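S.K.: Now for the letters of each chain:
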Amino acid sequence: GENVEQHPSTLSVQEGDSAVIKCTYSDSASNYFPWYKQELGKRPQLIIDIRSNVGEKKDQRIAVTLNKTAKHFSLHITETQPEDSAVYFCAPKPENTGFQKLVFGTGTRLLVSP
Amino acid sequence: NAGVTQTPKFQVLKTGQSMTLQCAQDMNHEYMSWYRQDPGMGLRLIHYSVGAGITDQGEVPNGYNVSRSTTEDFPLRLLSAAPSQTSVYFCASSYSAGRMNTEAFFGQGTRLTVV
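Chains L and C supply the protein sequences, listed in that same order.
Each residue of the first sequence is one higher than the last, beginning at 30 in this note's numbering.
Each residue of the second sequence is one higher than the last, beginning at 36 in this note's numbering.
It is worth saying that the hints were derived from the structure and are not from the lab.
It is possible that part of the hints are untrue.
As the list claims (entries may be wrong) - Here are the simulated lysine-lysine pairs, BS3-like style, with alpha carbons at most 30 Å apart:
| # | chain 1 | residue 1 | chain 2 | residue 2 |
| --- | --- | --- | --- | --- |
| 1 | C | K44 | L | K66 |
| 2 | C | K44 | L | K130 |
| 3 | L | K130 | L | K86 |
| 4 | C | K44 | L | K97 |
| 5 | L | K100 | C | K49 |
Claimed, not checked - Just the calculated beta-carbon pair ranges, DEER-fashion:
| # | chain 1 | residue 1 | chain 2 | residue 2 | range |
| --- | --- | --- | --- | --- | --- |
| 6 | L | V83 | C | D73 | 46 to 56 Å |
| 7 | L | N82 | C | D73 | 20 to 30 Å |
| 8 | L | T98 | C | K49 | 22 to 32 Å |
| 9 | C | Q57 | L | G45 | 19 to 29 Å |
| 10 | L | Q74 | C | M54 | 22 to 32 Å |
| 11 | L | K97 | C | I89 | 47 to 57 Å |
| 12 | L | E44 | C | T148 | 44 to 54 Å |
| 13 | C | D61 | L | Q43 | 34 to 44 Å |
| 14 | C | E138 | L | E85 | 13 to 23 Å |
| 15 | C | M76 | L | K100 | 18 to 28 Å |
None of these values were measured; they are calculated from a predicted model.
For every residue, glycine included, the Cβ atom is placed at its ideal position computed from N, Cα and C.
With the rest of the complex left out, here is chain L (with noise of 0.2 Å):
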């Protein structure tokens, strides 16, 4: 099965810096590579995903890179804002024959003082 590391497990950033955040995975069939982010008491959602035929996807100011080589994908916030601080959990996973059993990294949590 799937491995997942994320680091860091804590991320303290000041308004306005960068936050990167590294997954890394076993299983070399993955070529689906999404982030969700959970605010506290909240519930997990999507913010952005990434297909191995892409090396890099930008949406505003989050964007996430991929190394399919070395088996990693990054998640990075740039201009970070209070409102980011949340709990951001990787997901990779391969193609298959269509059912879906995400296994997720254990979480960074990400505090952006103002």
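With chain L's structure known, arrange chain C on it following the hints.
M.R.: Chain C alone, transformed into the frame defined by chain L:
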């Protein structure tokens, strides 16, 4: 569009009691799953279903049962609650896009305490 709805939001059980956590989705998604979330351990898969009448075990299935009689509903049953089952439970659903993976939509969660 309600999305994924879980009930109840909070529950306290005594050890040995049974209960069912309800999950319903109105997006006609084939895939549904249950996760538990414990501090420092992320989200761990309990059971999942790829369609009505089909279920399978995830990473931590012991102590839980599921069934999927309709596309919309995927209840999670605790037959004899134990303190180790104190956790936040999330139901999630997603749709088929051929062989492509798609976004998982989560319910709002059920916070369960077993005393």
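S.K.: None of the hints should be skipped; say for each whether it holds.
M.R.: To see whether the hints hold, each was checked on the structure:
For the proposed pair K44 of chain C and K66 of chain L, the alpha carbon gap of about 20 Å is at most 30 Å, so the pair holds. Among the hinted pairs, K44 of chain C with K130 of chain L is consistent with the structure: their alpha-carbon atoms are about 24 Å apart, no more than 30 Å. For the given pair, K130 of chain L sits about 24 Å from K86 of chain L by alpha-carbon distance, which is consistent with the 30 Å threshold. Between K44 of chain C and K97 of chain L the CA atoms are separated by roughly 39 Å; this puts the pair beyond 30 Å, and the hint is violated.
Of the pairs offered as hints, the one joining K100 of chain L and K49 of chain C is violated, with about 45 Å between alpha carbons and a cut-off of 30 Å exceeded. Range check, V83 of chain L to D73 of chain C: about 33 Å between beta-carbon atoms, so the 46 to 56 Å window is missed. For the pair N82 of chain L and D73 of chain C, the supplied restraint of 20 to 30 Å is violated, since their beta-carbon distance comes to about 35 Å. For T98 of chain L and K49 of chain C, the hinted distance range of 22 to 32 Å is not satisfied, since their beta carbons lie about 53 Å from each other.
A hinted range of 19 to 29 Å is violated for the C-beta pair Q57 of chain C and G45 of chain L, which are about 43 Å apart. Taken as a hint, the range 22 to 32 Å holds for the pair Q74 of chain L and M54 of chain C, whose Cβ atoms sit roughly 27 Å apart. Checked against the given bound of 47 to 57 Å, the beta carbons of K97 of chain L and I89 of chain C, roughly 32 Å apart, lie outside it. Judged by the Cβ atoms, the range 44 to 54 Å given for E44 of chain L and T148 of chain C is violated: they are separated by roughly 35 Å.
For the hinted restraint 34 to 44 Å between D61 of chain C and Q43 of chain L, the CB-CB distance of approximately 42 Å keeps it satisfied. Checked against the hint of 13 to 23 Å, the pair E138 of chain C and E85 of chain L passes, with Cβ atoms roughly 19 Å apart. At about 22 Å, the CB distance of M76 of chain C to K100 of chain L agrees with the hint of 18 to 28 Å.
Of the numbered hints stated above, those contradicted by the structure are hints 4, 5, 6, 7, 8, 9, 11 and 12, listed in ascending order.
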